[in-house]
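Asks: For the protein sequence lines, the chains are A and B, in the order given.
Read in order, the letters of the first sequence correspond to residues 1 to 306 in our numbering.
Read in order, the letters of the second sequence correspond to residues 1 to 247 in our numbering.
What the hints contain is simulated information worked out from the structure, not anything from laboratory work.
Computed from a predicted structure; not experimentally measured.
Among the hints, erroneous ones may be present.
Said to hold, decoys possible - Going by beta-carbon spacing under 10 angstroms, a handful of chain A positions derived as facing chain B: (1) A74; (2) L82; (3) M86; (4) W89; (5) I92; (6) L93; (7) V104; (8) L108; (9) N146; (10) F148; (11) V249; (12) G257; (13) N258; (14) A261.
What the hints assert, rightly or not - A few chain B residues that don't get close to chain A, going by computed Cβ distances all over 12 angstroms: (15) P113; (16) H129; (17) T176; (18) T197; (19) A206; (20) F212; (21) R234.
Ideal Cβ placement from N, Cα and C applies to all residues, glycine included.
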Amino acid sequence: MGAIWLCLVAVMIAGYVVLDGFDIGVGILHLLIAHTDDERRALIQSIGPVWDGNEVWLLAAGGTLYFAFPALYAASFSGFYLPLMMVLWLLILRGVSLEFRSHVGGHLWSVFWDAVFAVASILLAVFFGAALGNVVRGVPLDAAGNFFEPLWTNFQPTGQTGILDWYTILVGMVALAVLAFHGAVWLTWRVRGELNGRTHAVALRLWWVAALTIILTFVNFRLLPVGLYSFRVHPLGFIFPLLAIAGLVGVKLFLRGNQEAAAFAASCVYIIGMLTSVTFTLYPNVLPSTAGIINNLTVANAKAAH
Amino acid sequence: MAALGAYYVLSEQHEKFGKLFLRVGFTVGVLAAFLQLYPTGDGQGIMIARHQEPTHAAMEGLFHTQAGAPIAILGQPDVPNMRLDNPLHIPNALSFLTCKKWTATVKGLDQFPQDEWPDNIPLLYFSYHIMVGLGTVFIAILFLAAVQLLRGKLYTSRVMLWTLMLSAPFPFIANTAGWITAEVGRQPWIIYGMMRTRAGVSSLVAAGNIWFTLLGFMGIYSILAILFLFLVYREIEHGPGPEPSAE
Chain A
1 MGAIWLCLVA
11 VMIAGYVVLD
21 GFDIGVGILH
31 LLIAHTDDER
41 RALIQSIGPV
51 WDGNEVWLLA
61 AGGTLYFAFP
71 ALYAASFSGF
81 YLPLMMVLWL
91 LILRGVSLEF
101 RSHVGGHLWS
111 VFWDAVFAVA
121 SILLAVFFGA
131 ALGNVVRGVP
141 LDAAGNFFEP
151 LWTNFQPTGQ
161 TGILDWYTIL
171 VGMVALAVLA
181 FHGAVWLTWR
191 VRGELNGRTH
201 AVALRLWWVA
211 ALTIILTFVN
221 FRLLPVGLYS
231 FRVHPLGFIF
241 PLLAIAGLVG
251 VKLFLRGNQE
261 AAAFAASCVY
271 IIGMLTSVTF
281 TLYPNVLPST
291 AGIINNLTVA
301 NAKAAH
Chain B
1 MAALGAYYVL
11 SEQHEKFGKL
21 FLRVGFTVGV
31 LAAFLQLYPT
41 GDGQGIMIAR
51 HQEPTHAAME
61 GLFHTQAGAP
71 IAILGQPDVP
81 NMRLDNPLHI
91 PNALSFLTCK
101 KWTATVKGLD
111 QFPQDEWPDN
121 IPLLYFSYHI
131 MVGLGTVFIA
141 ILFLAAVQLL
151 RGKLYTSRVM
161 LWTLMLSAPF
171 PFIANTAGWI
181 TAEVGRQPWI
191 IYGMMRTRAG
201 VSSLVAAGNI
211 WFTLLGFMGI
221 YSILAILFLF
231 LVYREIEHGP
241 GPEPSAE
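Looking at chain A on its own, in the form it has when it is part of the complex (with noise of 0.2 angstroms):
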């Protein structure tokens, strides 16, 4: 039964990712590609109608996650309390940037809220990543199931961890790549003309990036052996990973044959198949504990009783 939850909450999570992914991603990469004002309006206009709605995929992973599994609940939003409010902070801007920048005429105000935009997209998606990182290396939980953990430390590999540390702070970076590279190959999609020449040239770019994903994980496994316990036990878990290297060999593949809708498809597995990865190296885990294993959040404490 908790596994079920698991899965709806992941479900949830994972459609955040896909959706508001390349929303991030166009932020990320909008100042980037357009030269001038009437191309960035073109680029911000691909997310227009769909960015608010995508967002609200992150209330209902909230709400599944608030449900499903309380205690995981309670101790994460309230040990990671500061970086949860300046992602609050972050969509806010972002999404006030969207809605303002074609208000005034001026040339000022788009510039400015544009910056915005594009800050507020990067900050976003390393927060994200470095969110992911915390889950993936655990924080130190106590016996009761709360943790307290300082936002940032020192940055050294050893030592008191911080929630932004280098291998959070390196996921981030990750996360930043993937969903700039998911952005690009939603714009290849959805924009006409002289601009599509160029998002393809992106995306194509980026997709070195994302390949260089597949190899960090199998990195990351070498640091956190746990992690291949899973497959071990359930080998049909090697499907999630395939289904990461089928969705990105799938965008190279569609990109080159100008399938543009397709490549996009393909680049929403790549995602899902990198997070249900990630899900299920950790399953029965949802929230490790770095000061012992034995105060570990797991599906079966943390669910709700009945």
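We have chain A already, so just place chain B on it with the hints.
Replies: What follows is chain B alone, placed relative to chain A:
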């Protein structure tokens, strides 16, 4: 909306739209104002009187239980001495509103132990009275507007139009005062009668963090409010209707 219409009519720009805004705003407003008196506002008041008695006593400024309890229109609560300074009372009205009988007994704050009183009685009392006072003002203004409309003089009576235009901020103030009443009135409980606010405080997140994020949100919201006023002012000046947008 009616205020915006009044502004357009008074300043003689976009007059056709101004009159439309006046009509629509007035119609909805007058319905809402009277509905808020009865049944929705009345229903809320009776519910609070029944289920949150200390709150009800505090917000009405009723310190001592009495039969035939009055409504205080004006008055400053003096909590240590348990009385209202300079009160202006309508006798027996509170008994009637709460229990439908002019002589019913209404419980005052003296009936409840002090640890069940809301912490900040003056704030509760004033926010409640501001909300209800403005609600009454709405009814009065819209009633007069109805009279003017029936006489066919709504668009030409400058006094009425000025009143409508200047009362634009009132709904926002009344709304906020209402929320303050609800939240302050619920204290010291976070779940009324079952869990105190003190018990709901997180032991993990130190108060300093909350201050940081509260100030952060206040900062963001203040900036957004200023931007909002700026943009809305531009839109109002622009006026309604097809214009080449800065798209």
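Asks: Does each hint hold? Answer for all of them.
Replies: Hints versus structure:
Annotation: interface hint on A74/A holds; nearest CB of chain B at approximately 9 angstroms, less than 10 angstroms. Using the Cβ-Cβ criterion of 10 angstroms, the hint placing L82/A at the interface with chain B is satisfied: the shortest such distance is roughly 6 angstroms. For M86/A, the interface hint holds, the least distance from its beta-carbon to any beta-carbon of chain B being 8 angstroms, beneath 10 angstroms. For W89/A, the suggested interface contact is upheld, since its CB lies about 6 angstroms from the closest CB of chain B, less than 10 angstroms.
With its C-beta approaching chain B no nearer than about 6 angstroms, I92/A sits inside the 10 angstroms limit, and its interface hint holds. Checking L93/A against chain B: minimum C-beta separation of about 8 angstroms stays under 10 angstroms; hint holds. The restraint placing V104/A at the interface with chain B holds, with a minimum CB-CB distance near 7 angstroms, inside the 10 angstroms limit. Using the Cβ-Cβ criterion of 10 angstroms, the hint placing L108/A at the interface with chain B is not satisfied: the shortest such distance is roughly 13 angstroms.
The beta carbon of N146/A is positioned within 10 angstroms of a beta carbon in chain B (closest approach about 5 angstroms), and the interface hint is therefore held. About 6 angstroms separates the beta-carbon of F148/A from the nearest beta-carbon of chain B, less than 10 angstroms, and the hint is met. Restraint check, V249/A versus chain B: the minimum CB separation of about 40 angstroms is more than 10 angstroms; hint violated. Checking G257/A against chain B: minimum C-beta separation of about 35 angstroms lies over 10 angstroms; hint violated.
Against a cut-off of 10 angstroms between C-beta atoms, the interface hint on N258/A is violated, since the closest Cβ of chain B lies about 30 angstroms away. Checking A261/A against chain B by beta carbon gives a least distance of about 27 angstroms; that is not within 10 angstroms, so the hint is violated. Remark: the non-interface label on P113/B is consistent with the geometry, its nearest Cβ contact in chain A lying 32 angstroms away (cut-off 12 angstroms). The non-interface label for H129/B is consistent with chain A: the shortest C-beta to C-beta separation is roughly 34 angstroms, beyond 12 angstroms.
No Cβ of chain A comes within 12 angstroms of the Cβ of T176/B; the nearest lies about 20 angstroms off, and the non-interface call holds. With a closest Cβ-Cβ approach of about 17 angstroms to chain A, T197/B is found to remain outside the 12 angstroms limit, as its non-interface label requires. Separation of A206/B from chain A is inadequate, the least Cβ-Cβ distance of about 9 angstroms not exceeding the 12 angstroms criterion. For F212/B, the shortest C-beta to C-beta distance to chain A comes to about 7 angstroms, within the 12 angstroms cut-off, and the non-interface label is violated.
The claim that R234/B is not at the interface with chain A is violated, since a C-beta of that chain comes within 12 angstroms of its own (minimum 7 angstroms).
Going through the hint list in order, the structure does not satisfy hints 8, 11, 12, 13, 14, 19, 20 and 21.
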